[in-house]
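> Hey, can you work out the whole structure from these sequences and the hints?
Per mature numbering (1 follows the signal peptide of the UniProt record, and there is no 0), the sequence shown runs over residues -18 to -1, 1 to 402.
What the hints contain is simulated information worked out from the structure, not anything from laboratory work.
No incorrect hints appear here.
FRET-style restraints, in silico, Cβ to Cβ: (1) Pro354 to Gln224: 41 to 51 Å; (2) Lys340 to Thr279: 42 to 52 Å; (3) Ser59 to Asp186: 21 to 31 Å; (4) Pro354 to Asn180: 37 to 47 Å; (5) Gly221 to Thr172: 18 to 28 Å; (6) Gly221 to Arg264: 16 to 26 Å; (7) Lys184 to Asp241: 31 to 41 Å; (8) Thr283 to Lys343: 33 to 43 Å; (9) Thr310 to Ser120: 37 to 47 Å; (10) Asn180 to Glu88: 16 to 26 Å.
For lysine-lysine, the following DSS-like pairs were computed, each having C-alpha atoms within a straight-line distance of at most 30 Å: (11) Lys338 to Lys113; (12) Lys396 to Lys280; (13) Lys306 to Lys201; (14) Lys16 to Lys102; (15) Lys307 to Lys200.
Just so you know, even glycine gets a beta-carbon here, dropped at the ideal spot from N, CA and C.
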Amino acid sequence: MVFSAIIALAGLVALAFSSSVTSSGTSSVKSDRKWEIPVPEPSAIWANAAAAGKPWVVAHTRSYLVDSSRKDPYNDSQDRKAAFSIFMPVYGKNCTATTDNEYAPELTAKACNLQFFGDKDAGVFDELYFKSCTGDTSETIADDHPLIIFEPAFGTSRFLYNQLARQLSANGAYVVTIDHPHDAPIVEFTGSDAIESNGAIKLDAFTVNKPVDDVDTKKAIEARIGDIDAVIKELEKPGALQNYFPGINSIANKKVNTDRLYMIGHGLGGSVVSSMSASNPRVEWIINLSGSTPVLTKDITAYTVFFGRETYRSEDDEAWKATKKHLTGPQVEWTYNKADQFDYSDLPLVSHVAGKNKDAKGIGKPYENIDPNDPTATFRGLSCFLEGYLRDTVFGNDHPALPKCVGWFGDSMKMHVPSS
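Put into structure tokens, the structure is as follows:
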């Protein structure tokens, strides 16, 4: 079975303080974890990239900001904070140093263990790591790469999307994931107390959060959009990449190009990116992974892709049916057969790596229609389609990737035409 593609993957872990004014970085590495998140094997989809001499590895940094222009909507005595990860492509042949990264920091790992395995000491997320590139001999043109914002589901750590983000970045894109305090189960900050959710938002991570326009959900979406805007402003600062990636040489304007935004969101994150497609003209396309949508009342030109499940398609949601009338740009819907809500994350992969696939809450069995003996096929199928949309619609791939994904994974991932 072909493995959905990446030539090589990696990430630099440099946990950095940042604020609305300044930022700096310090390194933090943990190498005593048991299980390495594997580097996917290259596939034919990516052959043209290899031929062009552009096999990417990925640098990775973790940071946070304090937005002094906003109070935390869930604690109005504090300025709003947000934690984020950045994944940056680097020419693989020029990578000169590597290190090990913990998949998630200790408190977050235990919260994820509890959420998905019912025991904070389950020994899954706290035992995972991935290798990374921490230095290169080349000069990376900073504004050559598109920016993807990847929003997590409600009540879920951004770290649950590390591998999906790495795979996208290894195609030549910046990918940013964000933790939103009082929404994620816990958000850790270097040199500062962690913020636990403590039930501040009354939603369920394992179901589709609808209606999106109720008070709690609308407030959570607005808080997330404010955090995303603050992170984008941080990335726009001259020299931002040098601060976040001191071991990586970058030239040109030394900041991420934010003139065009590409957004992927899972669950409530999908609702967020749908909302931003209506409010932010820089959004070129969105991919909504099993999430509802605000009822949009004006025409939207952004390319819109919706991935549903057999138990949740657009015709099952009145908000989607109303919103589709205003989607004037390209749109397509897919159904992942036998999927559950968290098949749209790293969970099918990491639970298998840890030998606990059967114990994980929130995943189904899409792999049974792909490779019955390999539960990671669920993850590979999703990753192939996400990477395919990046390659075909952003980079203008000369060798279309999505048809190959359909060929490999089409027994489980089906294009869906709504009944009404």
